[in-house]
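Heads up: the protein sequence lines correspond to chains H and Z, in order.
Under my numbering, the first residue of the first sequence carries the number 1, and numbering increases by one thereafter.
Under my numbering, the first residue of the second sequence carries the number 155, and numbering increases by one thereafter.
If you are wondering where the hints come from, they were derived from the structure by calculation, not from laboratory data.
Warning: the hint list may mix true and false statements.
[Claimed, not checked] Between beta-carbon pairs, the in silico distance windows are: (1) S346(Z) <-> K86(H): 57 to 67 Å; (2) E27(H) <-> E292(Z): 38 to 48 Å; (3) G162(Z) <-> N137(H): 28 to 38 Å; (4) N137(H) <-> I398(Z): 38 to 48 Å; (5) T344(Z) <-> D85(H): 50 to 60 Å; (6) E203(Z) <-> T8(H): 36 to 46 Å; (7) T8(H) <-> Q206(Z): 24 to 34 Å.
Where is the CB? At the ideal position from N, CA and C, for every residue including glycine.
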Amino acid sequence: MKFILNGTEVEYTGALNARLLDVLRDEYRLTGVKCGCREGECGSCSVIMDGILTNSCLVAMGRAEGSTIVTIEGYSNTERFRALDKAYADVSAVQCGFCIPGMILASECILAKNPHPTEAEIRVGISGNLCRCTGYNAIVHAIDIAAKEGSGLW
Amino acid sequence: MVNSYLAGSLKEALEIRARETVRPYGGGTDLMIEGAEDAVYLFIGKIPELKQIIVDDTYIRIGAECTFTEIIDNDLIPEMLKNACSGIGGPAIRNLGTVGGNIANGSPKADSALIFFVTDSMLRLVSTRGERLLPVREFYLGKKKTALQSDELIAEVLLPRADYKNYYYKKIGARNAQAISRVSFAGLMTFSDGRIASCATAFGSVSDVIIRRDDIDAIMTGKTIAEASAAKSAYIAAYDEAIIPISGRISAEYRKAVCMNLLVDFLESNGI
Numbered sequence: 001m002k003f004i005l006n007g008t009e010v011e012y013t014g015a016l017n018a019r020l021l022d023v024l025r026d027e028y029r030l031t032g033v034k035c036g037c038r039e040g041e042c043g044s045c046s047v048i049m050d051g052i053l054t055n056s057c058l059v060a061m062g063r064a065e066g067s068t069i070v071t072i073e074g075y076s077n078t079e080r081f082r083a084l085d086k087a088y089a090d091v092s093a094v095q096c097g098f099c100i101p102g103m104i105l106a107s108e109c110i111l112a113k114n115p116h117p118t119e120a121e122i123r124v125g126i127s128g129n130l131c132r133c134t135g136y137n138a139i140v141h142a143i144d145i146a147a148k149e150g151s152g153l154w
Numbered sequence: 155m156v157n158s159y160l161a162g163s164l165k166e167a168l169e170i171r172a173r174e175t176v177r178p179y180g181g182g183t184d185l186m187i188e189g190a191e192d193a194v195y196l197f198i199g200k201i202p203e204l205k206q207i208i209v210d211d212t213y214i215r216i217g218a219e220c221t222f223t224e225i226i227d228n229d230l231i232p233e234m235l236k237n238a239c240s241g242i243g244g245p246a247i248r249n250l251g252t253v254g255g256n257i258a259n260g261s262p263k264a265d266s267a268l269i270f271f272v273t274d275s276m277l278r279l280v281s282t283r284g285e286r287l288l289p290v291r292e293f294y295l296g297k298k299k300t301a302l303q304s305d306e307l308i309a310e311v312l313l314p315r316a317d318y319k320n321y322y323y324k325k326i327g328a329r330n331a332q333a334i335s336r337v338s339f340a341g342l343m344t345f346s347d348g349r350i351a352s353c354a355t356a357f358g359s360v361s362d363v364i365i366r367r368d369d370i371d372a373i374m375t376g377k378t379i380a381e382a383s384a385a386k387s388a389y390i391a392a393y394d395e396a397i398i399p400i401s402g403r404i405s406a407e408y409r410k411a412v413c414m415n416l417l418v419d420f421l422e423s424n425g426i
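Take the sequences, apply the hints, and build the full model.
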């Protein structure tokens, strides 16, 4: 089966019931995709699959056939990433960093669907991404800043 | 190596389903938690015939492989169902999880299934032998036991076109997001000429199967608010007897108390 990974078509010949999370990390060495819980609770393995936020731990490879998948490695080459990166840095929204690849991709999906979200909408948008350091307020603030300063990018 | 199957069309999927012993894989959000390495999946999540939402004279027809996000974003879907789907998991779970999977999983905690119970929805089940329509209530046979045959797939959920504006829905969980229901409740009441035209309730996460007792709800039908208020204690007593909760992580006593509180709140919200 084939799928598009960070803009490049790849051919996958392994088991169709392997986890996308494991395949991305072990086969493609995309270790920005973090493994936290393996049961869809924590969001640290988030990728963008066909334009929507997806827990890669809950995807068997067969489900990814023909899909377009973007990980933090692919996303970090974009203008939008730079706007989010700056906003997160400006308000110190990153502490240990383990949740951040997923959190950034969740931020992207919030803004792609709704470029001017309310605080409540931001909180719903990151509600599947756990962060044990920041208490979330700085992250919510960073997404709000990115929406304003990155206006026009989304 | 254990094989899994990709199907591009419903016809192809049904042929594989008839021939092989497979686990239908929709969104995978429940199956991948088990993550059995020897599982043989039939991937049906992208089959176009299973992803439509359309309306006919009688039903809103929801393709079984529609995700919760697709349901929430669709203008044809009543607010009550959107509300219940919005409380499932988090955004990424809603992006993958499907109504067909939520039902086929056979759990009384399925948040979308609760709405299909209270609305007396039907399921369209298909196989290479043909198709059949089954009320969602008859689909559930017990804990994790359903009426789905080994060669069948759920094709559509048929939600009757009706007035769902006056709905009551509450999910009680440990938190707002990423929470499995501890108790969930849905109620519907319609009025005509000052009388209750219809009353329907459903209780989720309480028993092995979602509780839907139209025989008890019939107590309220045809009554004015004053008459319904007079019948209120009999109605509540009937449910008090009918609801025998299971205990697990949550005690049976807690579940029972919450069920009765929600039922009373539903009545009070309708002035009864």
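Now the hints, each set against the structure:
The hint said 57 to 67 Å for the Cβ distance between S346(Z) and K86(H), and at roughly 59 Å that hint holds. A hinted range of 38 to 48 Å holds for the C-beta pair E27(H) and E292(Z), which are about 45 Å apart. At about 46 Å, the CB distance of G162(Z) to N137(H) disagrees with the hint of 28 to 38 Å. Range check, N137(H) to I398(Z): about 44 Å between beta-carbon atoms, so the 38 to 48 Å window is met.
For the pair T344(Z) and D85(H), the supplied restraint of 50 to 60 Å holds, since their beta-carbon distance comes to about 53 Å. Between E203(Z) and T8(H) the CB atoms are about 31 Å apart, so this pair departs from the stated range of 36 to 46 Å. Distance hint check: the CB atoms of T8(H) and Q206(Z) are about 32 Å apart, consistent with the given range 24 to 34 Å.
Violated hints, in rising order: 3 and 6; the structure is consistent with all others.
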